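> So you can see what is in the structure, the chains are spelled out below.
2 protein chains.
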Amino acid sequence: MTFAAPITVPVALGDRSYDILIGRGLLAAAGAEIASRMPKARVAIVTDENLARLHLPTLAASLDAAGIGHVPVVVPPGESTKSFSHFEAVVRAILAGRLERGDLVLALGGGVVGDLAGFAAAVARRGMRFVQLPTSLLAQVDSSVGGKTGINTPEGKNLVGAFHQPDLVLADTGLLDTLSPREFRAGYAEVAKYGLIDDPAFFAWLEENWRGIFAGGPEREHAVAVSCRAKAAVVARDEKETGDRALLNLGHTFGHALEAATGYSDRLVHGEGVAIGMVLAHDFSARMNLCSPDDGRRVKAHLAAVGLPTTLGEIAGGLPDADRLMALIAQDKKVTRGTLTFILTRGVGEAFIARDVPPEAVRGFLAERLEEV
Amino acid sequence: MTFAAPITVPVALGDRSYDILIGRGLLAAAGAEIASRMPKARVAIVTDENLARLHLPTLAASLDAAGIGHVPVVVPPGESTKSFSHFEAVVRAILAGRLERGDLVLALGGGVVGDLAGFAAAVARRGMRFVQLPTSLLAQVDSSVGGKTGINTPEGKNLVGAFHQPDLVLADTGLLDTLSPREFRAGYAEVAKYGLIDDPAFFAWLEENWRGIFAGGPEREHAVAVSCRAKAAVVARDEKETGDRALLNLGHTFGHALEAATGYSDRLVHGEGVAIGMVLAHDFSARMNLCSPDDGRRVKAHLAAVGLPTTLGEIAGGLPDADRLMALIAQDKKVTRGTLTFILTRGVGEAFIARDVPPEAVRGFLAERLEEV
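If you read the protein sequences in the order shown, they are chains L and V. In this text, residue positions in the first sequence follow our numbering: the first is 1, and each later residue adds one. In this text, residue positions in the second sequence follow our numbering: the first is 1, and each later residue adds one.
What the hints contain is simulated information worked out from the structure, not anything from laboratory work. Certain hints may be false.
No copy is singled out in the list; a pair is fine if it fits within one copy or between any two copies.
[Claimed, not checked] Simulated crosslink set (SDA-like; lysine to any residue; CA at most 25 angstroms straight-line):
1. LYS40 to VAL357
2. LYS40 to PRO10
3. LYS157 to HIS86
4. LYS300 to GLU371
5. LYS157 to THR262
This one's a predicted model, so the numbers in the text were calculated from it and none came from an experiment.
Can you make the complete structure from the sequences, with help from the hints?
Below is the structure:
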């Protein structure tokens, strides 16, 4: 098989800089890419049972061909794997595999595997090298870029983790052919987000070209590359999320609360929560006279066109009341000293960080939306 | 109570720089020091049951007086507390205390509490601020400085952790008055180490003045300050231990193997392993014709004078054979790609990093020493 040369997106983080390669066939080329960049390193491959079945033979053959030693560390699929007990098991498997400090941990999977493996890489031997081979659209455009890793605890999601940058990201867009339509759409919500944050031309391009992304045309590589470039630029400005990086949370404060309210279950996957959250963020911004109601309608129309949910009424099984949703919002780790920080917008592609959003206004807005359900 | 002004030792690490304050009375002054440097921060105090009884009331009163909110997180005493399960418990207690990202974790304790609390601070909310209030001599001159944090697993000691620099270290030398003589001596081994690495004048000063350090005269603050300065200088050159920082392992490769061989028990505490290890490092260096046998004799004489063990024969309960000790040495995480790295010396105060030490020479040397037991 031959493929078009991958697109390279550099992430500029000083001595932690790295490249994201985007293209078809990168799974099979992983051994050569790693050998040329990290000669002599051995690899612990962290993956889940489903992905091991689908992709581990190809990856193992690629590493073997490049003379790279490897040990598999296979975890169960699903968000519940991002737990302390699986974290401990993965870290200990890496140590038991006798990997050394210069060796590397490779995450073959979506956001769950990437977050778990990255956190394990951050702490095994106080920090090992890390390669992401994201297998979902969500992971390719979001979680594999930027170095956030972590696990969940009963106290909340992603409250435990580390900033640990990968040394290389291999985004094989061909792997996305095997995703379910629902999972592909959920990842697409994050693609649309980059347009909504600060790139109105990209959002307009998506409105025209989204079918090519879903169908696996060259639009897909372009959309992944634009998304990664957008995220890389924000991360380069604010690696540890003390400022601008918060923009990436557009739609996420509402979205996380909805995910929590539905028990992080199949009732609402992350990207679906973000889709509804982005519509709510635009509508709430319009309510605060920051943008026009037309902006919210335009966002809703596009997300609905690709098949994403855009309203609270589309969440199966009912929702708690506004007070409970507010409590879930307040529990979000982006709370700083008791004030609510939201990402609001002045229009499509004009998002901004709003500190000191009045909680009463948010509560009233949510109560109204819940009544419409 | 009034005390002499504390000695300040700055640790220069760019935007992670911080001060070590050294003096009597700093426990009672902790609230004021923290309030002036980190206004509005709340504090999770991690400590063990014994230290909570001894020191928590004074610390809590000091924080109260400064208007600083605090929650205690009390763990059992002893090395076995540096485990995954206690790590999880401490992290979750910090989250349950609703501490935010700008709040801080304070370690009130020795190396165990500092390593555990520091690792928890590194990962709770992906990194919180961290203050060390070391209560043992070992912690004041070694583990509280430099940002190494971590826990043990069945695979080995300190193989899991993070580099997470404190924002402030408060070394209250008055707290050392309550240490057992054995614990004080064990910490002293690390003080002597700084002389042996690269400061022969300090080692000569210790030979003359060690009684004042043990007795609690002003020699104590001086020795702690010289030790912290020495460690800070090495850490500033090589924060992540890719080079020079390995010098701090003088005596530790042998020492760790002996600790492992005795099950990390009361048979041999860390500083005692280091004392014997430093004598072995000098003797082995003499065997390799790097220094004179007189250097080893001088080191041994001083460490024996303060009451530290200096020979394998002083370890109660017997030792495994040389092959087993070599296996324990090879398991040490400072192994890089199969070659042995040792800290050897050309004389008192002239230690250096020796890569590619022939394992056979070490094995033969150990076998001989074991026969003498």
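> Take the hints in turn and mark each one as holding or not.
Outcome of the hint check:
no.	hint	in the structure
1	LYS40 to VAL357	between (52 angstroms within a copy, 21 angstroms between copies)
2	LYS40 to PRO10	within (23 angstroms within a copy, 39 angstroms between copies)
3	LYS157 to HIS86	both (15 angstroms within a copy, 20 angstroms between copies)
4	LYS300 to GLU371	within (19 angstroms within a copy, 81 angstroms between copies)
5	LYS157 to THR262	within (13 angstroms within a copy, 41 angstroms between copies)
Violation of the numbered hints given earlier is absent; every hint is satisfied by the structure.
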